[in-house]
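Take the sequences, apply the hints, and build the full model.
Chain by chain, the residues run as shown.
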Amino acid sequence: AQSVTQLGSHVSVSEGALVLLRCNYSSSVPPYLFWYVQYPNQGLQLLLKYTSAATLVKGINGFEAEFKKSETSFHLTKPSAHMSDAAEYFCAVSAGTASKLTFGTGTRLQVML
Amino acid sequence: KAGVTQTPRYLIKTRGQQVTLSCSPISGHRSVSWYQQTPGQGLQFLFEYFSETQRNKGNFPGRFSGRQFSNSRSEMNVSTLELGDSALYLCASSFSLGVRWDEQFFGPGTRLTVL
Numbered sequence: 001a002q003s004v005t006q007l008g009s010h011v012s013v014s015e016g017a018l019v020l021l022r023c024n025y026s027s028s029v030p031p032y033l034f035w036y037v038q039y040p041n042q043g044l045q046l047l048l049k050y051t052s053a054a055t056l057v058k059g060i061n062g063f064e065a066e067f068k069k070s071e072t073s074f075h076l077t078k079p080s081a082h083m084s085d086a087a088e089y090f091c092a093v094s095a096g097t098a099s100k101l102t103f104g105t106g107t108r109l110q111v112m113l
Numbered sequence: 114k115a116g117v118t119q120t121p122r123y124l125i126k127t128r129g130q131q132v133t134l135s136c137s138p139i140s141g142h143r144s145v146s147w148y149q150q151t152p153g154q155g156l157q158f159l160f161e162y163f164s165e166t167q168r169n170k171g172n173f174p175g176r177f178s179g180r181q182f183s184n185s186r187s188e189m190n191v192s193t194l195e196l197g198d199s200a201l202y203l204c205a206s207s208f209s210l211g212v213r214w215d216e217q218f219f220g221p222g223t224r225l226t227v228l
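In order, the protein sequences belong to chains A and B.
First residue of the first sequence? That's 1 in this note's numbering, and the numbers climb one at a time after it.
First residue of the second sequence? That's 114 in this note's numbering, and the numbers climb one at a time after it.
Derived by calculation from the structure, the hints in this document are not laboratory data.
Model, not experiment: these values are computed from the prediction.
Hints are supplied without guarantee of correctness; some may be wrong.
Said to hold, decoys possible - Some chain A residues near chain B, calculated using beta-carbon distances under 8 Å:
(1) Gln42
(2) Gly43
(3) Leu44
(4) Leu46
(5) Lys49
(6) Phe90
(7) Lys100
(8) Leu101
(9) Phe103
(10) Thr105
(11) Gly106
Claimed, not checked - Every beta carbon over 12 Å from chain A, so not counted as near; a handful from chain B, in silico:
(12) Ile125
(13) Thr127
(14) Gly129
(15) Gln130
(16) Pro174
(17) Phe177
(18) Leu196
Claimed, not checked - Derived lysine to any residue pairs resembling SDA-like cross-links, with alpha carbons at most 25 Å apart:
(19) A:Lys68 - B:Asp215
(20) B:Lys170 - A:Thr5
(21) B:Lys170 - A:Gln2
(22) B:Lys170 - B:Ser183
(23) B:Lys170 - A:Gln45
(24) A:Lys68 - A:Ala17
(25) A:Lys58 - B:Ser209
(26) B:Lys126 - B:Asp215
(27) A:Lys69 - A:Gln2
(28) B:Lys126 - A:Gln42
(29) A:Lys68 - A:Val37
(30) A:Lys69 - A:Leu18
(31) A:Lys58 - B:Gly116
(32) A:Lys58 - B:Phe218
(33) A:Lys58 - B:Glu216
(34) B:Lys170 - B:Gly129
(35) A:Lys69 - B:Asp215
(36) A:Lys69 - B:Glu216
(37) B:Lys170 - A:Thr102
(38) A:Lys68 - A:Thr107
(39) B:Lys170 - A:Ser26
(40) B:Lys170 - A:Ala17
We put the CB at the ideal spot given by N, CA and C, even for glycine.
So, in structure tokens, the structure goes:
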């Protein structure tokens with residue numbers, strides 16, 4: 001079975017500050033991991049995905065994530081937050097097929113002036 | 114290329130009624146999955162269809178059902194609605210089945226409110 005845990009349901013940063021959203025996974029098989037972003041009243045948009053090709057994954061909008069097997073983590077970072085980054089972020093792991101994603105509970109990112 | 118479309122975007126129903134939601138995947142995508150999103154339970158997998166066949170099913174009661182048509186469009190149906198069925202229902206499409214790294218593209222969702 002697979003699961004993900006997102007630490008912190010709410011994260012608040014100042015504009016220009018580092019963004020760090022935490023995700024730890026549990027998987028009985030080598031995991032495929034994803035970060036999605038959801039803006040209000042919208043669906044989910046893929047930010048990046050880990051597919052074992054490289055441990056440091058770069059995504060859209062300046063986000064990146066590093067896969068650390070020893071720590072079972074896949075934290076999402078962005079060097080400098082922008083107001084437009086305010087949204088909810090979900091970490092997910094694929095189960096038996098990519099179509100069955102298991103999501104974390106989400107982290108709402110607030111960006112302050 | 115057009116994205117995943119879902120209709121309607123908003124629905125209000127009363128307890129005991131039934132509802133049908135529709136999803137049109139990205140052109141060429143043959144796999145369609147459905148998820149329920151609620152504040153309490155988060156995002157939960159409902160079911161997945163590929164080539165008109167249900168391939169995976171989440172842990173939901175039989176009141177939740179779906180189908181897929183030959184053009185890959187999908188519908189989900191919820192019968193005998195309960196208050197707890199109020200949620201955002203998201204549809205996602207992907208090109209293939211069984212490829213764990215294949216990206217799923219999500220639609221904007223249908224917001225169902227049960228009164």
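- Violated hints, by number in ascending order, as checked against the structure: 26 and 40
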